[in-house]
Amino acid sequence: AQSVAQPEDQVKVAEGNPLTVKCTYSVSGNPYLFWYVQYPNRGLQFLLKYITGDNLVKGSYGFEAEFNKSQTSFHLKKPSALVSDSALYFCAVRDRPKAAGNKLTFGGGTRVLVKP
Amino acid sequence: DGGITQSPKYLFRKEGQNVTLSCEQNLNHDAMYWYRQDPGQGLRLIYYSQIVNDFQKGDIAEGYSVSREKKESFPLTVTSAQKNPTAFYLCASSLGTGADYEQYFGPGTRLTVT
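Chains as they are written, first to last, in our numbering: chain A, 751 to 866; chain B, -10 to 103.
Take these hints with a grain of salt, some might be off.
[Said to hold, decoys possible] If you only want the chain B side, here are some residues facing chain A, beta carbon under 8 Å, derived: (1) 30; (2) 32; (3) 34; (4) 79; (5) 91; (6) 93; (7) 95; (8) 96; (9) 97.
Since the hints were made in silico from the structure, they are not lab data. All values reported here derive from a predicted model rather than from experimental measurement. Ideal Cβ placement from N, Cα and C applies to all residues, glycine included.
Hey, can you work out the whole structure from these sequences and the hints?
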């Protein structure tokens, strides 16, 4: 069974400081990993994904994530946070070989608060 | 929120009534999904459909039903058998069920049952 954990319910940073949102996963094979962001009362927006290749993945809005197989982690990072980055962030995992119906398992979410 | 629309944005129902949530996409995606979001629990998969006239139960299908008569539409019915229907419901779609296809989400419907 696949699972994903986001150990921090909330992350607070000052604007301009680096932002890191943690994610660890558990799968039986090699994972497909995704990050989504959700603004209040809105749907989820896709940020980035790791499928294969370079461990450092670059995505939308200046975000990037690093895949670390030995630590089973896929932390989301942004070098300089903006107030507008304040939102709820979800990590998701999909196991290989292909899980039926492209089923994703989501973490519980991490609320990011960027202070001016 | 891409080309996925969900209506209405807010929905209120009395306990014991069935209610149907709408989801339409114009992305020409084959696969569609319904998730339920509760505070602190992330998203949980209710039903998914890989192709027209076919759908599969997700992790929490009890008390819900779906249909997929058209490629662009995947309505979700919350029945009176669903014990805790009050939640935020999200519809999503993906180009296919290939491993690297990301899912695109609609804006959600907040259902309140009293």
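Tell me if residue 32 of chain B is really an interface residue toward chain A, meaning its C-beta lies closer than 8 Å to one of theirs. Holds - the Cβ of residue 32 of chain B comes within 8 Å of chain A, reaching about 4 Å at its closest.
Residue 30 of chain B as chain A interface residue, shortest Cβ-Cβ below 8 Å: This hint holds: residue 30 of chain B lies near chain A, its Cβ roughly 6 Å from the closest one there, short of 8 Å.
Answer holds if the nearest beta-carbon of chain A is closer than 8 Å to that of residue 91 of chain B; otherwise answer violated. Since chain A brings a Cβ to about 5 Å from residue 91 of chain B, closer than 8 Å, the hint holds.
With chain A as the partner, please determine if residue 96 of chain B meets the hint condition of a C-beta pair closer than 8 Å. This hint holds: residue 96 of chain B lies near chain A, its Cβ roughly 5 Å from the closest one there, short of 8 Å.
Please verify that hint: residue 95 of chain B, Cβ, nearest Cβ of chain A, below 8 Å or not. holds, 5 Å
Taking 8 Å as the limit, does the beta-carbon of residue 97 of chain B come near enough to a beta-carbon in chain A? Hint on residue 97 of chain B: holds, closest Cβ of chain A at ~5 Å, below 8 Å.
Is the shortest C-beta separation between residue 79 of chain B and chain A less than 8 Å? holds, 6 Å
Should the hint that residue 34 of chain B touches chain A count as held when the rule is a Cβ pair under 8 Å? holds, 6 Å
Cut-off 8 Å, beta-carbon criterion: hint that residue 93 of chain B touches chain A: holds, 7 Å
The earlier numbered hints are all upheld by this structure, with none contradicted.
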